[in-house]
Amino acid sequence: MAPQPIWVDKLKPLVERDLFIRDALLQKGVLNDAYHPEMEKVHLTNARKLKELIEKEGFPVLSNAGEEGVRLSWLIIQHAISWPDFMKECLTQIRLAAADNDYSLELLAYTEDRVAFFEGRPQVYGTNWDWQNAELRPTPIADPDGLAARRQAVGLPPLDLDRQTPTNEKPPKDPLTKEREFQEWLLRVGWRV
1 MAPQPIWVDK
11 LKPLVERDLF
21 IRDALLQKGV
31 LNDAYHPEME
41 KVHLTNARKL
51 KELIEKEGFP
61 VLSNAGEEGV
71 RLSWLIIQHA
81 ISWPDFMKEC
91 LTQIRLAAAD
101 NDYSLELLAY
111 TEDRVAFFEG
121 RPQVYGTNWD
131 WQNAELRPTP
141 IADPDGLAAR
151 RQAVGLPPLD
161 LDRQTPTNEK
171 PPKDPLTKER
181 EFQEWLLRVG
191 WRV
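Residue numbers for the sequence shown follow the working numbering, so the first one is 1 and each next one is one higher.
I should point out that these hints are in silico values taken from the structure, not numbers from a laboratory.
Owing to the predicted nature of the structure, the values given are computational and were not obtained by experimental measurement.
Do not rely on the hints blindly, as some may be mistaken.
Below, in silico cross-link-like pairs of lysine to any residue (SDA-like), each with a Cα-Cα straight-line distance of 25 Å or less [stated by the list, open to error]:
| no. | residue 1 | residue 2 |
| --- | --- | --- |
| 1 | K173 | G146 |
| 2 | K178 | N101 |
| 3 | K51 | L62 |
| 4 | K41 | K51 |
| 5 | K173 | P158 |
| 6 | K51 | W185 |
With the hints as constraints, model all of the structure from the sequences given.
The structure is reproduced here in structure tokens:
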């Protein structure tokens with residue numbers, strides 16, 4: 001089956017809007033303080049549109065969506081954090097596709113870690129980072145001794161703990177308030193009970 005252009009045609013404008021809003025909120029200096037309601041609205045809208053497309057076309061994998069279609073859909077899935085059931089269902093589909101060599105193992109690793117983080121579990125591949133004491137650091141990692149082998153198996157480079165903070169991102173102004181709001185948000189959207 002040849003990749004269908006519908007994935008890129010439908011998803012590229014959604015991702016472009018997501019990135020535009022993200023950049024605008026970064027410029028205002030409000031993106032890292034909390035999950036901004038405008039950003040959350042864009043993410044949920046995009047996730048709903050992706051779900052509708054999945055219902056019509058099936059799950060986007062390399063054989064039906066191509067590399068670009070998969071990456072666009074993956075970014076929408078990564079940002080669907082306010083819809084845990086959708087994100088977890090997508091992770092299941094990604095696992096199945098990856099087992100059939102029809103999905104990027106690297107993208108699978110990022111999604112595995114993101115879901116683990118929101119569920120309150122240690123991540124597996126070391127792809128998820130968050131602010132800790134005004135520095136971006138990896139969130140807790142399961143079995144750190146096996147991390148290098150796991151990363152290599154999915155095509156990720158060795159973990160660089162000294163990576164530089166992107167210049168356009170700043171730590172939250174009030175980390176305690178951000179953490180409290182984050183915990184409340186986790187409960188509100190259903191990641192935690």
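Enumerated hints in conflict with the structure, sorted upward: 1, 2, 5
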